[in-house]
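Trainee: In order, the protein sequences belong to chains A and B. The numbering of the first sequence is the numbering used here, which starts it at 1 and goes up by one. The numbering of the second sequence is the numbering used here, which starts it at 1 and goes up by one.
Keep in mind that a hint or two might mislead.
Chain copies aren't distinguished; within one or between two, either way the pair holds.
For lysine to any residue, the following SDA-like pairs were computed, each having C-alpha atoms within a straight-line distance of at most 20 Å [stated by the list, open to error]:
hint	residue 1	residue 2
1	K21	E333
2	K29	R392
3	K383	Y351
4	K381	L101
5	K21	A109
6	K381	T355
7	K29	K435
8	K29	R19
9	K67	E48
10	K60	D78
11	K21	E332
12	K21	Q127
13	K60	D278
14	K21	G323
15	K7	E124
16	K381	S357
Rather than coming from a laboratory, the hints here were simulated on the basis of the structure.
Protein chains: 2
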Amino acid sequence: MAVHLAKGARDFLPATMRRRKEVISRIEKVFERFGFEPLGTPAFERIETLTGKYGDEGDKLMFRILKRGRGAASGQADMALRYDLTVPLARVLAMNPGMRLPFKRYQIAPVWRADRPQRGRFREFYQCDADIAGTESPMADAECLAVAATALGELGFDNFVVRLNDRRILRSMVQVIGEEGREVGILVAVDKLDKIGRDGVTAELKKMELSDEAIERLWAILDIPRGHAETLDALQPLLNAEGVAGIAVLREVLELALAMGVPAERIVIDPTLARGLDYYTGPVFEAEVLEPHIGSVAGGGRYDGLVGMFSGREVPAVGVSLGLERLITVMEELGMLGAENASATAIVTVYSEETRSHSVAAARYLRDAGVNTELILHTYKLKNQLKYANARGIPYGIFLGPSEIETGTITIRDFQSGEQSSIPLEDAPAWFSTK
Amino acid sequence: MAVHLAKGARDFLPATMRRRKEVISRIEKVFERFGFEPLGTPAFERIETLTGKYGDEGDKLMFRILKRGRGAASGQADMALRYDLTVPLARVLAMNPGMRLPFKRYQIAPVWRADRPQRGRFREFYQCDADIAGTESPMADAECLAVAATALGELGFDNFVVRLNDRRILRSMVQVIGEEGREVGILVAVDKLDKIGRDGVTAELKKMELSDEAIERLWAILDIPRGHAETLDALQPLLNAEGVAGIAVLREVLELALAMGVPAERIVIDPTLARGLDYYTGPVFEAEVLEPHIGSVAGGGRYDGLVGMFSGREVPAVGVSLGLERLITVMEELGMLGAENASATAIVTVYSEETRSHSVAAARYLRDAGVNTELILHTYKLKNQLKYANARGIPYGIFLGPSEIETGTITIRDFQSGEQSSIPLEDAPAWFSTK
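Could you build all of it, start to finish, from the sequences and the hints given here?
Mentor: In structure tokens, the structure reads:
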């Protein structure tokens, strides 16, 4: 029988898994440093919880699960695997009306999308989300932005930029050029600016039958140099009341994010930033690593309407999601992750069947003392034991032959330097604590 | 719109989630202390990978996932959620023939079963598995048993027993009473001994039309007092060659497990122990917490045939699985888990909009210094800020009013004792490091 993984799925062998755990742990520590609390939600949700939240494309890419029992035979599905971590959070908020707000939670967990698998895109991938629900304060928007920037810094990135915009600015922009209701089409065209250039975008807009005047007014807005407050100053006279409201909030978010420690050169107001998800209502932002140019590694924004879709109660919310897979890919390419060590610090070899119980006792002693210790289980040939230890990357070997047993000592070999020392077993924990 | 969780699924709110993370982290540390390495496998597998491995019941309880695109409309399923962590491991071994053996891996992750939800039984639950693949040595069986016993000890359990048996003893037992091929039915009856007593079991066996002589011979075996080597000594003359082979292995496993540190009173040979899963071939064991009597909290055994089901290559393997859900339930009931603390050590309050930037700067300073710090985001009413801090269970409050700002200090209040002290902000990291 040929054996395969499911399409678009991956195994993580120990070396990879250690690196993933290391990255996750660093992000988690930053989330906790900002006072976010862990939340767990199930892998699957009722279908009706997820549908209609991500747009048509999202609905199509949901993995549906067959009903148990008779439902399976009829092909009926009543559940789906979660598509992101935000909608499950909104469901939790709707189901727990007594929960104290603001609620700051993080969740680092896999999500599933039935995307066509391709290089770097998988059907199971991890998201690292931090969200603040229950306050409209721009303090919360700024904190989400700051926690993402801090996490990227903590992972070792020093060449990224967070682009910041507001949904109301985008909507206002389309309104003032007289094309209300065509927001999506126009923004899709504008979003291609990096790829097809200014002329390409203009051509697309003309194809959409925008008037020359509308296109000109649009460029007047888009051409405003990206920066900080000066970008907002230049934007303000060109937009209507809704846009001005967005600008006022962005002024505060920007100022607060800087005060929270985001370096000035890591943040920029970008009126062209249009994040895809249907549920955003206010500020949106996206972090891009510039060198190498790998695109977005984190993004977030305010979604004040989402919780209300589940219950009568509106709960304003804002959050950020770090794309773990892309971050890890880049960190591996750039050598930002150290060589992964084995779990074990020491490996206890076995001289012969007769002396085995001494090796077992030594391993037990070291483990009890808190030293991560592997014990050779499978062979009495020393050559094979050393090969195994070497392949596993365990730094220290422990040898107990007849002479060690007679003198009550063990021999410790540093596999890298080749140095050996013989010490009483009782001294080994102290010896390892200095390594 | 009414909003619900999927049936049999749970959310873990922060307090619960912290306790779960704590238990998982303790188990993980024990696995690593024994030199096991982390492995990650996807939530879903091809259907053919999972079916036929767990018996008919298992096949029925698998959650099937609809094919994407046209497959969804036709109700076709090509994947299923993993049912345990052992079969995915066997698939990984079959797909990676170059992997160095023995391969010691652990995996702590959810599995999914379409069980009828009931008290304490969920459709998504965590397993904590440690397995050793690639050696037939009883050292590996003993190590799996020892790592489970050590983990239970580490979690604070001091009143459990690991029952140990061998599949070959069970088979031999049925053979010598002349009922070969009726192993499953007989073992199901015997397994009820605790519930329906000796007479009940005898009645069931009679209903199965076992002869009086066969039943008598069976009781002669089952009546052997459970113990260590003496149990095996008494068992030996009553079984055939296959049973004797099982006994020889159990002698070694028992001796090694004791040498590895499993206390003698925590392990017992029990010829009636019959673990359900189809794939076990050699020693099997199960850990039960005795007080309170909650049944099995961990179990494992040898499954030398499973990897061969995926590829021509046979890879002997043995493993153990800890039932996280039951462990946590009991630990909570027995008060074995401390009160969960909030992520944050300190919460920075905000006196007014005018002083807000000082509070933001103080939070930033503390976070940069590694102090987990929450910042009030949502209100300027001190009363509400204190209520929030109290509900969140954050131990220390930080206050920066006009007088603190003037003198460049902060006031730290210990919410529990009510004690306050005013110190320069720069001294706060050192102050917190002593807490």
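Trainee: All hints are to be evaluated individually against the structure, with a verdict given for each.
Mentor: Status of each hint after checking the structure:
1. K21 to E333: The answer is within: 17 Å in one copy meets 20 Å, while 31 Å across copies does not.
2. K29 to R392: So K29 and R392 pass the 20 Å test across copies only (18 Å; inside, 29 Å).
3. K383 to Y351: within (11 Å within a copy, 70 Å between copies)
4. K381 to L101: Answer is between: at 15 Å across copies they meet the 20 Å cutoff, but 63 Å inside does not.
5. K21 to A109: The answer is both: 12 Å in one copy and 13 Å across copies each meet 20 Å.
6. K381 to T355: Within one copy only: 13 Å inside, 72 Å across.
7. K29 to K435: between (25 Å within a copy, 19 Å between copies)
8. K29 to R19: both (15 Å within a copy, 17 Å between copies)
9. K67 to E48: both (14 Å within a copy, 19 Å between copies)
10. K60 to D78: Both: 15 Å inside a chain and 17 Å across chains, each within 20 Å.
11. K21 to E332: within (14 Å within a copy, 27 Å between copies)
12. K21 to Q127: Answer is both; intra-copy 13 Å and inter-copy 18 Å each pass.
13. K60 to D278: Within one copy only: 15 Å inside, 38 Å across.
14. K21 to G323: Answer is within: at 14 Å inside a copy they meet the 20 Å cutoff, but 22 Å across does not.
15. K7 to E124: Cα proximity of K7 and E124: one copy only (10 Å, versus 22 Å across).
16. K381 to S357: Classified as within: same-chain Cα gap 16 Å, cross-chain 68 Å, threshold 20 Å.
Figure legend: structure checked against the earlier numbered hints; every hint is met.
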